[in-house]
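There are 2 protein chains.
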Amino acid sequence: MNHYPASIRNLIHHMARLPGIGEKTAERLSLHLLYAADKAVEELARSILEVKQKVRLCSRCFSLSDNELCSICSNPARDVAVVCVVEQPGDMVAIEKSGAFHGHYHILSGVLSPLSGVGPDDIRIRELLARAATGEVREVILATGTSVEGESTAAYIAGRLEALPVSVTRIAAGVPMGGDLKYVDQVTLKKAMESRRVVGSTHPR
Amino acid sequence: MNHYPASIRNLIHHMARLPGIGEKTAERLSLHLLYAADKAVEELARSILEVKQKVRLCSRCFSLSDNELCSICSNPARDVAVVCVVEQPGDMVAIEKSGAFHGHYHILSGVLSPLSGVGPDDIRIRELLARAATGEVREVILATGTSVEGESTAAYIAGRLEALPVSVTRIAAGVPMGGDLKYVDQVTLKKAMESRRVVGSTHPR
Numbered sequence: 001m002n003h004y005p006a007s008i009r010n011l012i013h014h015m016a017r018l019p020g021i022g023e024k025t026a027e028r029l030s031l032h033l034l035y036a037a038d039k040a041v042e043e044l045a046r047s048i049l050e051v052k053q054k055v056r057l058c059s060r061c062f063s064l065s066d067n068e069l070c071s072i073c074s075n076p077a078r079d080v081a082v083v084c085v086v087e088q089p090g091d092m093v094a095i096e097k098s099g100a101f102h103g104h105y106h107i108l109s110g111v112l113s114p115l116s117g118v119g120p121d122d123i124r125i126r127e128l129l130a131r132a133a134t135g136e137v138r139e140v141i142l143a144t145g146t147s148v149e150g151e152s153t154a155a156y157i158a159g160r161l162e163a164l165p166v167s168v169t170r171i172a173a174g175v176p177m178g179g180d181l182k183y184v185d186q187v188t189l190k191k192a193m194e195s196r197r198v199v200g201s202t203h204p205r
Numbered sequence: 001m002n003h004y005p006a007s008i009r010n011l012i013h014h015m016a017r018l019p020g021i022g023e024k025t026a027e028r029l030s031l032h033l034l035y036a037a038d039k040a041v042e043e044l045a046r047s048i049l050e051v052k053q054k055v056r057l058c059s060r061c062f063s064l065s066d067n068e069l070c071s072i073c074s075n076p077a078r079d080v081a082v083v084c085v086v087e088q089p090g091d092m093v094a095i096e097k098s099g100a101f102h103g104h105y106h107i108l109s110g111v112l113s114p115l116s117g118v119g120p121d122d123i124r125i126r127e128l129l130a131r132a133a134t135g136e137v138r139e140v141i142l143a144t145g146t147s148v149e150g151e152s153t154a155a156y157i158a159g160r161l162e163a164l165p166v167s168v169t170r171i172a173a174g175v176p177m178g179g180d181l182k183y184v185d186q187v188t189l190k191k192a193m194e195s196r197r198v199v200g201s202t203h204p205r
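Quick mapping for you: the protein sequence lines, in order, are chains A and B. Per my numbering, the first sequence starts with residue 1, numbered consecutively. Per my numbering, the second sequence starts with residue 1, numbered consecutively.
Keep in mind that the hints were calculated from the coordinates and are not lab data. Some clues are possibly wrong.
[Unchecked claim] In silico DSS-like cross-links for lysine-lysine, where the CA-CA straight-line distance does not exceed 27 Å: (1) 54/A with 24/B; (2) 97/A with 54/A; (3) 52/A with 52/B; (4) 39/B with 52/B; (5) 52/A with 39/A; (6) 52/B with 54/A; (7) 24/B with 97/A; (8) 97/B with 24/A; (9) 54/B with 39/A; (10) 24/A with 39/A; (11) 24/B with 39/A; (12) 39/B with 24/B; (13) 54/B with 39/B; (14) 97/B with 54/B.
[Stated by the list, open to error] Examples of chain A residues lying across from chain B (beta carbon under 7 Å, computed): (15) 5; (16) 7; (17) 14; (18) 19; (19) 34; (20) 41; (21) 44; (22) 45; (23) 55; (24) 66.
This one's a predicted model, so the numbers in the text were calculated from it and none came from an experiment. Glycine included, each C-beta is placed from N, C-alpha and C at the ideal position.
Work out the full structure: start from the sequences and follow the hints.
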């Protein structure tokens, strides 16, 4: 990299600190920016600064937002009685993309992880309990990941919600759609087997 | 992407316009920047703007530089009598990395390409001829690529330099080092066969 002028070396250095961007890619991107239109480059730099200045957490669900309330919390068409609990904003976006959910969210901003020193007070469980206690919420869907931490966080929250007048559900685990059974891991297959459902209506389980 | 706030969508949009960065990667990078330290993000944005403001072309060799003369042209230790002609600044960097050359460079900023409407006046051939005519240059090494355009550009420049008191050489083409012969294409093998050299000193060719 020593063969470029200092300002290009500097850009390559900062680009290479992004996740998944190595020295080679950083060099390619930097040279691209060098030859790109002034306006496009300024817009990129401005959007990088703006994202840090403008984005904050929604005061109700703690998802990412440009305003006090996020676009979902401020949308009167969404069902306020159903709250889906996820680990991170990205999980919320994934569920939104699926189009399968029309309620509200609650972003924990993490999972319980005693080994990393993350306890119940470090993620937004207290805020969830407060929302569930208002009487506005009918169902809490636990949509944390199916990792060990995700599962134990879901179990912990389910326990804490027991005293409140809400029904608590957990998203289904099983074989992914479009998946070939021989490539599915054993833990998933075991889970899918245990959670099997009766097909048809003649012999209800 | 509609599920993120506008400022994040905006950043993802601009990131995804970079070469080799798709929507998914742009989303990942944008979320990374959102959570990264303020200082690191500001430095990245600043280095992007600076590269456009500061970098210009060296007035002698036309490589990228922060100053009037690039670091190579202003280095008295480099041999001014040997000039290596390349297509783009990236080619110069590649040769510098090899450590095999200690002379000066001349960046054409392109290759002759009649189909794309690029003629001799569109790349810096006139400037090369002027440098060669000063009497300061002893050898011109043609290091344009081995593509059709690169080869014909080298041939054209060699013809134009014939009248001047400089020796003109072309970098060798052949089988890449560490290459397995069965994976080398036929044109390269033919070239390597034609350009074969006598090994040892008993039978000089």
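Tell me the hint numbers this structure goes against, listed in increasing order. Violated: none.
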